[in-house]
Structure formats: structure tokens, C-alpha cells
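Reassemble the complex: the two chains are provided individually, in unrelated frames, and hints are given to aid placement.
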Amino acid sequence: MLEPYIRSRLTEKRILLMTHIVVGYPSLDDSLEIVRTMVEAGVDLIELQIPFSEPIADGPVILKANQQALADGVTVSQCLAFGRTVAAQFAIPFLYMTYYNVLFKNGVDRFADHMRDAGLKGAIVPDLPPEEADDYLNAMGRCGLSPIFIFSPTTTEARMQAIAKVADGFVYCVARKGVTGDQTIFSRQMDEYLTGCRRATGLPLALGFGVKDRSDVKFLEGKADIAIIGTEVLRLVESQGIAALAPFLRSLQI
Amino acid sequence: MMNRGYFGNFGGAFLPEILVATFDELEEAYTLVKRDPGFWQDYEQLMASYSCRPTPVTFAENLTRHFGGGRIFIKREDLNHTGAHKANNVMGQGLLVKRMGKTRVIAETGAGQHGVATATMAARFGFDCTIYMGEVDVERQRPNVFWMEQLGATVVPVTDGTRILKDAINAAFRDWVTNMDSTHYVLGTACGPHPFPEMVSWFQSIVGKEARQQLSAQEGRLPSRVYACVGGGSNAMGVFSGFFDDDVELVGVEAAGRGLDTGQHAARLCSRDASVGVAQGYKTYFLQDADGQMRETHSIAAGLDYVGVSPILADLKDKGRVRFEGATDGEVIAAVSLTMKKEGVIPALESAHAFVQAFKEAPTLSQDEILLVNQSGRGDKDIFTIADAFDDPKWKQFITQKARQYHA
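Sequence lines, in order, name chains A and B. First residue of the first sequence: 1, per this note's numbering; consecutive thereafter. First residue of the second sequence: 255, per this note's numbering; consecutive thereafter.
Hints listed in this document are in silico derivations from the structure and should not be mistaken for laboratory results. Each statement offered as a hint is correct.
EDC-like mimics (lysine to aspartate or glutamate), calculated; alpha carbons at most 16 angstroms apart, straight line:
no., chain 1, residue 1, chain 2, residue 2
1, A, K177, B, D435
2, A, K64, B, D414
3, B, K356, B, D382
4, B, K463, B, D500
5, A, K177, B, D429
6, B, K288, B, E298
7, B, K596, B, E315
8, A, K212, A, E232
9, B, K595, B, D634
FRET-style restraints, in silico, Cβ to Cβ:
no., chain 1, residue 1, chain 2, residue 2, range
10, A, A243, B, Y260, 49 to 59 angstroms
11, B, R549, A, E238, 21 to 31 angstroms
12, B, G406, A, R214, 43 to 53 angstroms
13, B, F638, A, F90, 54 to 64 angstroms
14, A, N138, B, R396, 48 to 58 angstroms
15, B, A302, A, R199, 47 to 57 angstroms
16, A, K218, B, T432, 25 to 35 angstroms
17, A, G73, B, A641, 33 to 43 angstroms
18, B, R549, A, P60, 17 to 27 angstroms
19, A, T156, B, T618, 49 to 59 angstroms
20, B, S436, A, G107, 38 to 48 angstroms
Which chain A residues face chain B? A few, computed with CB under 8 angstroms, are given here:
no., residue
21, F52
22, I56
23, L70
24, V76
25, N101
26, F104
27, P126
28, I150
29, F151
If you're wondering where the values come from, they're calculated on a predicted model, not measured in any experiment. Virtual Cβ for every residue (Gly too), placed ideally from N, Cα, C.
This is chain B alone, in the form it adopts within the complex (with noise of 0.2 angstroms):
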């Protein structure tokens, strides 16, 4: 291993030895392309033909109305082909396994919508695909699984430990271990060991990019404050990169889940319950025990459902440039409604993580300042997941009539 790295005491690579060649031939491709304009190059054209790239700044003019202050720009990733920011790194990590010349990927996935960008990389670049989804995953999230299948791709159902997202990761690190030659891990974000923080934060850096130019071109200005969720924390990397050297503000939105003082919640950086560890290949904040066992998290938003966070942001918030809160399920449910029925966009549940801290902080600013929330995803696709959560009787209704006509 030549680089380790480090942001600070935070990341390393803490692999099992069989994998250590496997990351070095990662981080040889991996510096290669970054050194290599034309690379970049190929990746923006890819974005913007298959992509929608670049995706728009939206001026959230009924929302700026109603909470006076600041005025809500929204960076709009969830109009990326499929959905969400997720289609920025798994494309350009496709352009690379092309380049490395393996012929097989696999990923993990926790709400699914990183399984279905890979699954529709694959499909385009003609890889083979398989993807590992936790139990409680695959039964809460079934339209993903069925566009994963679709897609050509295998979908496993992981039954290890907490059936969720993060022994999804368990079991795709032992697929690689066993088929490395011809096989390359799209990690979903900006997590896990060396080189990976580093390059998913590079793909997704394009959200910042453009973001940065928007602000500038259309209004003259920069943002006073960026708001990202942050669930790994790989669309927050991405949108707040645009902004590091500048006088900007940064927020990172954590699952606050049931409330920080029930325990039900994924919040690493925004609580008391998180301490430093070392699992899953990298050191950073975890929701773990004394014994340091990793602990149940819980949020409504099955992306931020996950015990670590990206050491990259770890050290942002040591270092103090990057501020974190927490937002609980509830807020999350009204932010949503609310920005549906002011703007007529449908945020992800994750995305609405970071508007509910905007909307809490917009009354206090000037009328001359800009926040940039950044939607990570769309929330339509998650119409089962969101219809449960407004607890609806009419989609309960049809729900019961399907299943009836299933039955005939």
C-alpha cells in the first residue's frame, strides 16, 4: 500500500491481506485517470448524454416566501437518470472498470437506489452484475429489487447480522475476496477503505462544480450556507466540494431517526453516541457499543441507515469547516409535504433531511443570501416508502385491491 489515506486521524485502509494487492491496482487506476484530463472529459460527456448533466439550480421561490429571510435554491440531483446523485459515482467508476478491464461488478445497497445506478451501468457498459441488499432491505424496497432484476442484474438478499445496509458491505467484501481477478466493488459512497472516500468524492465532486458555477452565473453570488444530507455522506462531499475554499458555510443533516436522546437514529457526527472505531476497512465515527459491536441505527430514510460515515467528513467536522445537525423522522415527513405542495418537487426522504434544517435556518438570514439545499434524490420512486409515511388510506386501499386481483 503506497497511500493510506488520511484526512486527519481519520480513514486508512484496514484490509485483509488478500485484498491488499486488489486496492493497489485500484489506486494505480484510480490515480491514472485522475491525472488524466481526457478522462474527466469522457466522464462529463457521459453525464451529459445519459445523465441530464448538468442538472439544474432551482429557485424555490414559494418556499423563500414562506419562511421570509434567505433566499432556497436547490441543486436538482434527483434529475439524474435514476433518480439520484448515486448515478455520478457509479458511472464514473464504470469508466474506470472499463479501463481496468474486468468484466464484473458488484455493490451493496441499502434503499436501493445505488443498486439500480450500478445495475444500470452494468446493463450500459455490458458487465456482469450482482448486488447485495440486506433482508429488511429488499422486503422494504421491493420496486428497486424488481428494476435491479429487470436491469439484468442478481440481486442477493443478505441475512447476516442486522439484515440492513451495512452487512450488505460484509457480504460484497467477501464476494470480492473470492473473485477479485475478474470483479470490481462499486462502493456506494464515500466510505470504506482507501482509495474509495477519496475517488467517490471525486465523481461526485461534478455536483459542486456545477453548482458553484450556477449560483455564480445566475445570481452573482455565492451561497452563504450548503445544506447535504448525510448518510454515508457521499452527495454531501460532493455538493459541499465546490464550496471548501470559499466563505461558505457547510451543513451536514444526519438521520436524527426518532429524536438523538431515544437511540434510534443514525447520527454520527451530530451526537453523543458515536466514538471512533475501525470497521469496515476505514476509521471514522461509529454507532457501536463500549466492546466497540457495531449498534442497530434507525432512520425512516433507509440511505442514512448506517453506522459509519465517510472519514473525509469526520475530519471536516474535527477541523470545524463542516457544521452537523440532526433531523428527525417527523420533520422529515413535513418537509416533503411541504416542499411537494410549495415547489412541486418531490424530494427523497433522505434529500429531505437537508431541507428541514434550510427551512429552520432561512427565516434568520438576509433577503440577499442564498442557501443551496442539495437534492440528493427524487422522492417518487419511493412511493411505497413515502406513501407508508404519510400513512395514506386511499394507497392503502389500492394496495388491498392489487393484492385482491393478485389473488383471483
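This is chain A alone, in the form it adopts within the complex (with noise of 0.2 angstroms):
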């Protein structure tokens, strides 16, 4: 269960951090050094993405990733092994991250059954509103995974309560508009949003988009529970290799 994983894991830390990769970019062996480093340096959830070639809701980091991980061949099948991999390895919870037609075409009854005999903890689908999420939500809730949903800042209030009656595990609450990779002003703006998605759910809450030093997620601390770091880790691997993501991971905990 993830909700009980976080509430105990946050009377050790005041934030957590949930990292995100795109499975098989830069290859499916990298993928796998990336996620030992980030466990080692003490991250606390990892999104893994399954790759898609129409990732609407990802900027030119991801996308670009998502692409050439799809060029080099990997298929859905080899992204949900490597799920079972980690998960049987690592003692962090593991979560997709992919866009629906992936569970649509596997069959949505059989991707949660996957994901439950992997060991993986739930999933966050950004194209699948709750209102078209019926058969997810009877597959997830069947397998006791958690369906992630998503908050953003131009979701109203009784939306985000709506919302909240069919999410489990922690809420996504999008920082801003626009595509993951883009920058985030972390303001009294955003102070105030984060307090209106508290309002509207005790689940707990997780900021991504635009986190990307140890001031933005120190700015979070006491206002979500967890800091998603997403794009800036692709960024790091791409410019200065796998080897400098453990001293970055660690120096956002300090």
C-alpha cells in the first residue's frame, strides 16, 4: 500500500523524492544503473515510463526520450519486465507512468494484473481523466493498486474534490501550465494552490514540474509531501552521465 509507505517515510524525512526515467533511454542497461543509483542515493518512489510515440503531455526532454527509446526497439513487454526486475530488487515502491492507449492496447484487466504479480504500487496515466477512467479504476482497485491522479491549476475545487474520491496513494498536483521541462516559479502562487489542494484531499500531495534544485524542493518542505524531480534527471544523464546524478539526488536532501 503507498499511502501508509509515505506517512511512515515522512516521520523520517519533512519532504520525500520521486524520481522519474523513461524505461529502455539511454538503453534498457542504463536504465536499470540509473534506478540502483537513484534507490542508493535515497529516493523514495521512482516513476517508470513506458514509452509512447504521442506523449502529449511531456516537453522536448521526455518526448525526445520517449522517441528514442522507440527507435531502439523497445517494446511494452520488455518495459513491463524490467518493472518485475526492480521491483523484485529494490524495496522502494515502483509506479508507471505511460499514456492510456499502452494499457488500452494490453488490456487494461491484464496490465494491472501485471503490475500486482510485479510487485509495482500504481500508475499515473495524464490522458485518462476520471471520467473516462471507469475500467481502469475497477482493474487498479480490484488488484489494490493505486490510480494516481492529477491535479492542476486550473482544476477548481470541486473538481479536486471529485477527483480525490477516486484517487489513491498520493496526488500528482502539476505545478503550472504548459509541458514537464518548462520553469516553475515557486511563489506565494503556488503556496496558495498547494494549500487549495490540501483542502480538497487528505491524501498526500506531490509537486512535479519545473523541480530542479535543492532551494525549489526546500520550498516545498511543510507544503506538499513529495518533491518530483522529472526532466532535470533526463537533463543530468544526457549532459554529465549517470555517475552525477547520486552527489545531485543527495544534495537535494540535505
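Have a look at this one:
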């Protein structure tokens, strides 16, 4: 169960860290090495993005990683095998992140069965709003998995409450308009947004989109429960290699 | 989200959360204008004074004689301002944007027609305008890029993915999730999340309304069959919608490219290669692999070169209300050539797909029956593409000389 894990970690840390990888980018071997480095550096949860050809919510950096992985021939079944491997090997919770067509083509029930059997804890599907999610919610519920839903700064409070009713584990709060990887301003406005999110749900809150350094994470302490580092990790791996990850991730948690 | 926009099992609104409020706002604005008879009047008036509506229905006497059998009529959407049915949708959405008080429009474009139409509308209404166009299409449709830029639009070549229409749609969505407060996304076809399929079809329904009235008045009868090419499906939805309640057979013609068994085509509804999926915000038949990754498509007509298809047409296929056929690149070239020589009209390569199927079936119909072909656009604006398709040596010589002049 995801939420009890998050609550128990929060008794030891002021804020948790969730990181993101695109499975198979730069390669499947590298993905494993990146996950190992993340876990050893104290990351609390990891999103495994299964590449999709039309990732409309992602910005240029993650989009390119999706395309490259697909061009290199990475398949969904390889990604599922990867999920099984890391969930068995490392003690932290893993979530899949992907677009709905990957689940739909695989069969939503089959996909959920796999997640349960492989030891994954939940999934983030950014193009699946609750209105379209009946099959998904049934399958996830049946398998004891957490469907992670999203709040955004344009989500009304009434809608947040409706989303919170079907969400489980935590809520992914998108920091701003736009796609992944753009700059985010951590300001009073963000405080108000997170306060609104908090009012709408008792679930832990994770904040992502544009979180990139220690000062961003520090800003979020006490306001959010989880800081999500997505694009910044990819940028670092691309510019400085996997070795640069450990010191970066440790620096976020000082 | 109030109404999720399902047509049978197809459609829906698979939206990132950040866009839900924008779509709610759009649906509300659309619902209001749909209920307002004054809006449709304004729209018809605008199209009459700006875009030559009603476009005529032309009796293709020579083609009819050539094939024997049923009489062939052509609905002349090529006579719209900017040369295609795209203007109907774009001007309608332009009026809607004015009502919503937004100041900027964005659009995707494949062949460039929708981009040119949107840039034209933006110039007329005074909107800022950005057009997303796959890099491959920018290269093969330079004249349209030239016009969009001259009309004041910014054209952004999209270098992601397969660098064609679907990638331009993704890029437009990425712009919209950032700029939705000021910006409306003028989606060019009857695809995408609700309410786009329904709304675009509504604006295009002007084609079918006119055609039905015109044939009734001129010929005193309805057509036996109506033919339209199907890319995203907006011109087909437009002309078909005039005849849904009649005993009229509706035929959608997709791009069979190099042949339905070659894998190099864009046939979603008449081939076995497509399956139901969810992408670009809606559920329909997509050309995708077993993992759900979208495949590359091929057509000689850039406007038909798309992985998905209108969810409304997908539903009409499943219900058996519309029959779907395919026309190959080679058949299309032959049909363009014949139509020009026999009738002096130049169909766009897209529209010529519909002609191919009508030509195949005309001899099987009796002389008092009517075949109506929707000529969705005109071909002379695609002179580079058509000249290449005809492999015309004199044209090549001209271009070579022209290039030499630029180098001098």
C-alpha cells in the first residue's frame, strides 16, 4: 500500500523525493543503472515511464527520450519485464507512468494483473481523466493498486474533490500550465495552490513540473509531501552521465 | 466535463488535467452558439460574402458520358476562399473565438490548406496566429508555408516524431496547455477530444445542407450515392450530414497509398491494419502496432496522411451507415488527369480519391441515378505536388531554370 508507506517515510523525512525515468533510455542497461543509483541516493519512489509515440503532456526533453527508446526498439513487454526486475530488486515503491493507449492495447485488466504480480504499486496516466477511467479504476481496485490522479492550477476546487474521491496513494499536483521541463516559479501563488489542493484531499500531495534543485525542494517542505524530479534527471544524465546523478540527488535532500 | 462526446464506442475526451477547464469553456461556448439561430445566420452571411457560398453543384456531363451509367455531379468546395472546405470550419471557429474573447489562434496543418485557411481567418479577425507543421510537410508544401507567412502567421516546423500531421497536432496541444488563457486551438478536422469532432462536423454540415437543397431544386431528386475522401473526415462529415436521414448510400474513400496490402497507406476504416485505440485525446481506429505505438502512414495526398479518423465516422462504419473504400496513389493521379481533361476542373489529390471510387461505380448505376462527388479542394494550388505526381519533364526544366536564376 502506497499511502501508509508515504506516511511512515514522512515521519523520518520532511519531504520525500520521487524521480522519473523513461524505460529503455538511453538503454535498458542504463535504465537499471539509473534506478540503482537513485535508490542508493535515497530516492523514496520512482516513476517508470513506458515510452509512447504520442506523449502529449511531455515537453521536449522527455518527448525525445520516448522517441529514442522507441526508435531503439524498446517494447512494452520489455518495459514490463524491467518493472518486474526493479520491483523485485529494490525495496522502494515503483509506479508506471504512461499514456492510456499502452494500457488499452495491452488490456487494462491484464496490465493491472501484471502490475500486481510484478510488485508495482500504482500508475500515473496523464491522458486519462476520471471521467474516462471506469475500467481502469475497477482493474486497479481489484488488484490493490493505487491510481494516481492529477490536480492542476486550472482544476476547480469542486473538481479536485471529485478527483480525490477516486484517487489513491497520493495526488500528483502539476505546478503550472505547460508541459514537463519548463521553468516553474516557486512563489506565494504556489503556496495558495497547494493550500487549495490540501483542502480538497486528505491524500499526500506530490508536486512536479519544474522542480530542479535544492531550493525548489526546500520551498516545498511542509507544503507538499513529495517533490517530483523528472526532466532535470534526464538533462543531467544527458549532459554529465549517470555518475553525476548520485551527488545531485543527495544534494536535494541535505 | 459534462458531455464526454461519445459516438457509439468512439470519441470521448482523454485530456491532460490542465486542459479540462479549457475544454469545458469551449464546450460551453459551442453549446451556446449552437442554440443561437443568429449565430448560424452570421456564419452563413460571412461565408457568402467572404467565401463564395453557396458553392455550386456542377453536372459533370462529359465524365458521365465517358463512363456511361449514373449521372455524376460535383459539389464544388474547391471554390471556397483558400481553395478548400477547410474555410468552412476555420471561419466558424473564428466567429466562436471572437465570442470567447480570445486573441490568439494556433493550428496544425498537414498539406498546408488548414494552415493557410487559419492564417487567412486570423488576418481577417485580427488574431495572432501560430501554425504547427511537420518538418516533412514544410519541405513538401513550401508554397503554402510562403502564403501563411505572408498572411502574418508564424509557421513552426515540428521536428518531433514522424514530423508530419499527427506530430503537428501534438505540438499544437503542447502550445495550448501553456497558453490556453489567450489562445484557441483551431483543430482542422473532425477528430480530437470532444467537442471538436462534433463542432467541426457542425460547421462543415453547411456543405451537405447546400448539396441536398441544390440537387433537390436542380434535379428534383436526391443522389443515390455520395462520395467523399476521408483523411480526418471533416469534408466527408460535412457532405454526408446532409443525407443521414435519406435513403442515400454514403461512401468514404481513404488513401490506399501504394496498396492496402503493402502497409504503406493511410486506410483506417477499409483495411485490416487499423485497430481501436486512444491517442491525441480521443478513441477511434488508429494505424498502430500491437504495443499501441502509432505507425508511419503514407499517401500521395498529405491531407489524408493521418493515423486516426473521426470517431463519428468510426461509429458510422460500425453501424454500417457509411461504406469505406480505398484509392491508390496511381488511381488518384489517373482520376485527376481524366477530370481535368474532361471537365476542366482540377481536384486536389485528396478529393481525387472520392472521384476514383465514383468512377468505378458509375457504370453500374442507371442513367436516372445520381452520384454526388465532394470535390473538397482544388488541385492547382498544389502545383508542385501534382507536377511531381505527373512527373512532368517541362515543369522540372522550368524549376531548374528558376533555381539557376536565384543562384545567379
